[in-house]
Amino acid sequence: QKEVEQNSGPLSVPEGAIASLNCTYSDRGSQSFFWYRQYSGKSPELIMFIYSNGDKEDGRFTAQLNKASQYVSLLIRDSQPSDSATYLCAVSNQAGTALIFGKGTTLSVSS
Amino acid sequence: DVKVTQSSRYLVKRTGEKVFLECVQDMDHENMFWYRQDPGLGLRLIYFSYDVKMKEKGDIPEGYSVSREKKERFSLILESASTNQTSMYLCASSLRSLGTGVFNPQHFGDGTRLSIL
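Protein sequences, first through last, are from chains A and B. By the working numbering, the letter at position 31 of the first sequence is numbered 36, and the numbering carries on one by one without gaps. By the working numbering, the letter at position 68 of the second sequence is numbered 98, and the numbering carries on one by one without gaps.
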């Protein structure tokens, strides 16, 4: 069974700090990697996706991918209380037909 | 923006009923998916579809079926609802995969919170 592992948290950071969220995956053939944000009682919202090794930046968010080590991370700079949510890591299966989701990391940003 | 619309936000049904959950997307996406989300278990794939009249089983298809008669609409059917099917149901869609295992971003609807009494 292919797996995606995330620390459930909660991860607590003060406002303005950098939040670092990590994810490891077991399927070495995975090609596509996604980060979703989910507020309590709401559906997941796509934040970032990355296909190649290295960093990809979008505003305050940076996704980092290391296929050799099979991990993907999400950095949130200048964290805001509105960033408090559960962050889901999703990884494509080797065939590229479906996503495998981690159980999420809960982030709490205190003001 | 991608719009994925699920027919109901909240639904209450009785054990043994046949339940239909509807999902419509307006972005001409080829791929559509049904998940359920439960505390401690995360998102689990029930069924997905690559094209009209195509369907594939996900990780937990037992007790469910699907229908995709039109490209924009993907229906999830609980043949005989049971209390263990009480859950949040999420529909998602994406463009066709790019090949060589590369997967396009998936977008979710608002979800249907289903209670089976």
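Please note that the accuracy of each hint is not assured.
Each computed BS3-like pair below joins lysine-lysine, with the alpha-carbon atoms no more than 25 Å apart [unchecked claim]:
#1 B:Lys83 x B:Lys33
#2 A:Lys72 x A:Lys61
#3 A:Lys47 x B:Lys83
#4 A:Lys7 x B:Lys33
#5 B:Lys43 x A:Lys7
Ranges between beta-carbon positions, derived for each pair [what the hints assert, rightly or not]:
#6 B:Tyr40 x A:Gly59: 21 to 31 Å
#7 A:Tyr76 x B:Thr130: 36 to 46 Å
#8 A:Asp60 x B:Leu128: 14 to 24 Å
#9 B:Asp81 x A:Gln99: 39 to 49 Å
#10 B:Glu47 x A:Lys61: 29 to 39 Å
#11 A:Glu20 x B:Glu47: 39 to 49 Å
#12 B:Lys100 x A:Glu20: 42 to 52 Å
Sample of chain A residues lacking proximity to chain B, with all beta carbon distances greater than 10 Å (derived) [unchecked claim]:
#13 Ser48
#14 Pro49
#15 Asn58
#16 Ala73
#17 Ser74
#18 Ser87
The hints are simulated quantities; they were obtained by calculation from the structure and are not laboratory data. By construction, the Cβ of each residue, glycine as well, lies at the ideal position given by its N, Cα and C atoms.
Outcome of the hint check:
1. B:Lys83 x B:Lys33: Status holds; Cα separation ~21 Å.
2. A:Lys72 x A:Lys61: At roughly 14 Å apart (the allowed maximum being 25 Å), Lys61 of chain A and Lys72 of chain A satisfy the hint.
3. A:Lys47 x B:Lys83: At roughly 30 Å apart (the allowed maximum being 25 Å), Lys83 of chain B and Lys47 of chain A break the hint.
4. A:Lys7 x B:Lys33: 30 Å, violated
5. B:Lys43 x A:Lys7: This hinted pair is violated, its Cα atoms lying about 34 Å apart.
6. B:Tyr40 x A:Gly59: 21 to 31 Å: Since the Cβ atoms of Tyr40 of chain B and Gly59 of chain A sit about 43 Å apart, the hinted range of 21 to 31 Å is violated.
7. A:Tyr76 x B:Thr130: 36 to 46 Å: 22 Å, violated
8. A:Asp60 x B:Leu128: 14 to 24 Å: 21 Å, holds
9. B:Asp81 x A:Gln99: 39 to 49 Å: Given a distance of about 21 Å, which is not inside 39 to 49 Å, the answer is violated.
10. B:Glu47 x A:Lys61: 29 to 39 Å: 46 Å, violated
11. A:Glu20 x B:Glu47: 39 to 49 Å: 48 Å, holds
12. B:Lys100 x A:Glu20: 42 to 52 Å: 47 Å, holds
13. Ser48: 4 Å, violated
14. Pro49: Answer for Pro49 of chain A: violated, closest chain B Cβ roughly 5 Å.
15. Asn58: The claim holds: Asn58 of chain A sits with its nearest Cβ about 14 Å from chain B, beyond 10 Å.
16. Ala73: Ala73 of chain A clear of chain B: closest Cβ-Cβ about 17 Å, beyond 10 Å.
17. Ser74: 19 Å, holds
18. Ser87: Holds, since 19 Å exceeds 10 Å.
In this structure, the hints that do not hold are numbers 3, 4, 5, 6, 7, 9, 10, 13 and 14, in rising order.
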